[in-house]
Structures are given as C-alpha cells and as structure tokens.
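J.: Chains A and B supply the protein sequences, listed in that same order. Residues in the first sequence are numbered consecutively from 1, following the working numbering. Residues in the second sequence are numbered consecutively from 184, following the working numbering.
These are computed hints drawn from the structure, not numbers from a lab. All C-beta atoms, glycine included, are put in the ideal place defined by N, C-alpha and C. Hints are not guaranteed to be accurate.
[As the list claims (entries may be wrong)] In silico lysine to aspartate or glutamate, EDC-like type, Cα no more than 20 Å apart, as pairs: (1) A/K99 with B/E340; (2) A/K99 with B/E337; (3) B/K229 with B/D244.
[What the hints assert, rightly or not] Okay, the calculated beta carbon distance ranges per label pair: (4) A/M63 with B/P353: 30 to 36 Å; (5) B/P358 with A/A38: 57 to 63 Å; (6) B/S278 with A/Q110: 40 to 46 Å.
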Amino acid sequence: MFIAMVSDRACATAMQTTTEIGYDSKVEGDVVHTRLDAAINWFRKNSLWPMPMGLACCAIELMAAGASRFDISRFGSEVMRFSPRQSDVMIVAGTVTYKMATAVKRIYDQMAEPKWVIAMGACASTGGMYRSYSVLQGVDTIVPVDVYVSGCPPRPEALLDALIKMQGKVAREPFMALQKRVA
Amino acid sequence: MSAREFAQQLKTRFGELISEPAEFRAEITVQLSDAGRIAEICQFAKKEMGFDFLVDITSIDNYGSDPRWTLAYHLYGYGHHCRLRIKTEVSEEKSEMPTVTGVWRTADWHEREIYDMMGIRFQGHPDLRRILMWEGYPYFPLRKDFPLAGRPTELPEVAFTRTAPQEGGPFVTRPGGRDSTVREPRAHELESDDPADRGRAERI
C-alpha cells in the first residue's frame, strides 16, 4: 500500500526518477513513497506525549528530564499531558502503593488507544526496596508495561534512553496487520 | 528552666502519677502511671509549662509483655526550647486512650496513624479513621505479629493487597563494619554456625 506524502525541498535529490504516478514534480514539489504503517508509526513515535504518573522520588528525575538540560521535548514529548485522554505513553515514576493502584489502573483505562507504559525506576518495575504489605510489587501486575527503566532513581539520561527504546518499539508496531479486514 | 526542672514541676503538681524523670543523652522522660489522665497532664504542660508544640506521638508494641502498648508523647516549647517525653502504657484488652486533640490539634493525625497501624482507639477523637491504609483494611500492620510481607486482602473497587515475595527474608546489615563490603548482608553466610544456613548460597 502506498501513500504519497509531500516532504520539503531538502530531499530533492532522490526524487528525479521516472515513476508512473501521474504527477509533475516540478509543479507540485517532492514526494516520499512509503508504507502507511511506517508513516503512521513515524508520526506516533516522534510525538509521544507522556502522561506523567509521578508518584515519588522518580518524579523529580522525570521533571529533570523535562527541564532544559535533559530536554525531553527534543524527542517529541513536547508536553507532559496530565490528562490521560490527551496522552500516548504513561510514565509510572515512583512507588505504587496498593492504595494508589486502583487510581493508576483507572487512569490507564482512560487513555485512548494506542497507549504504552514506561515503568520508571525500581519501585514501578518490581516494587523496589519495598517488599512490604503496602507496596505493589511492580506496576506490571495491573497495567501492561512496554519498557522498564532500572535505577533508584534512574538518571534523566536513562529515562531518555528508555524513551528512545519506546520509540523503536512504536516504529515496529504492525498495526495495519491488526486492523479488521473486510472479507 | 531546663527540661529536668519542667519534669520536676510536673511531678510536684501531679504527685504519684508521674515517675522520677529519667535522663538519657540529654533527653528527659517521665512515665505516667494512669493513661486515662493524659489529657490533663498535657493540658497542664501546654498551658502552665509552655510546651506548645506536640512533636510526635508514637506507639510501641511490647509483644509478649503486658501491658502491650506503650505510647510516647514528645513535647517541645518554642519559648523555652526544651523537650520532654511522656510515656504511658495501655493493656491490650483495653486498647483505648483519651485523645489530646483538645490540647494540640496536630494530635489528630498522629492518633489516626496510631489507630491505623496499632489499633489503639482514642476516645473523644473528632475523626478516628484509617489514614495510611484504606477503610475496610482488616489488619493493623505495625503490630509485631503482622508479617512485613503482608497478608492478602481484597476490597472490590477500593484496594487489594498481596503477600510480597521475600526471596530469603529481610536482609539486615551487620552494624559497625569498617566499610560496606563487610556490612553487606549476605557477605558472611558461609561463616555461619547455624546448619540451616549451609548451602544458602546454592539455594538462591
């Protein structure tokens, strides 16, 4: 399946082939041929808006990643959308207690598809140092996690590395194959 | 006036209820023999002796000895900068204390925490309900007979708990080692005399 997309004049050199598409490059500019999967995955991975579920100390490192030195918006996460309805990836940063677990699950359920989860830090990944009666032993018991970040807290660079891995995962997603097909 | 003099003044006023002040590392503690009079003692401490700040109320579980609960009230005065500790004991059958929220409003949340974690009720408390765990949680977690890992509970739509995996138990460091290598919890397991510890490294 092809989609013709207009790109800017900087990619002019590759576009001088004679392909039969009924289109005049001198008049209408340059075109990139790609697959729909690849195009939409590219859109999504370069604009992953995080929903910061900042619960404890990892939230401070999340804020540091969002501040100017480790700028998370370089990677497309321009805004930390605190509304689950407007975000793509939920970054669970901090200790999830059993008391908070129902709220985290409810927020995750309110996110629109497609949605992903990054478990940031030891507490969100596995319960961390808190093997106790009040701490959920890993947020992956209630929501499906895509990327785990280790650290207590992980450095902002580690979170950005996780975001890059998340982008790689989004780029490989075969969502067209998962769509319903008509007969 | 020093803290010891304040404690003496308390003893002079209340007589047999208050023990002799004990001192440990420049901290003065007095023991109160009748827990039911705590509000009166605290009122006197605040109004007459100027202890206008309740730093903390803590509860101790003396599991195995009677009375089971010890409560420690930590007092401080901004005017005279002196600290005082008042300890009382409550038995498990009673598990009740009068509240001191009439003296300091901050006691509200301290007493709620003690109720939540130990199960000691406070008579006259304006809003005695759980503060850290959720309402309907059936246990009192900081009692010594409650395991650290917790017990499974289920309260639909509110919360659930599961037992946390311990993987060999709470790892406790050896105090006073020269550096972190010798303080490391599992560094000495092969030297242990206990036959149950042999082969622990292989078991992990």
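J.: What are the numbers of the hints that this structure violates, sorted from low to high?
T.: 3
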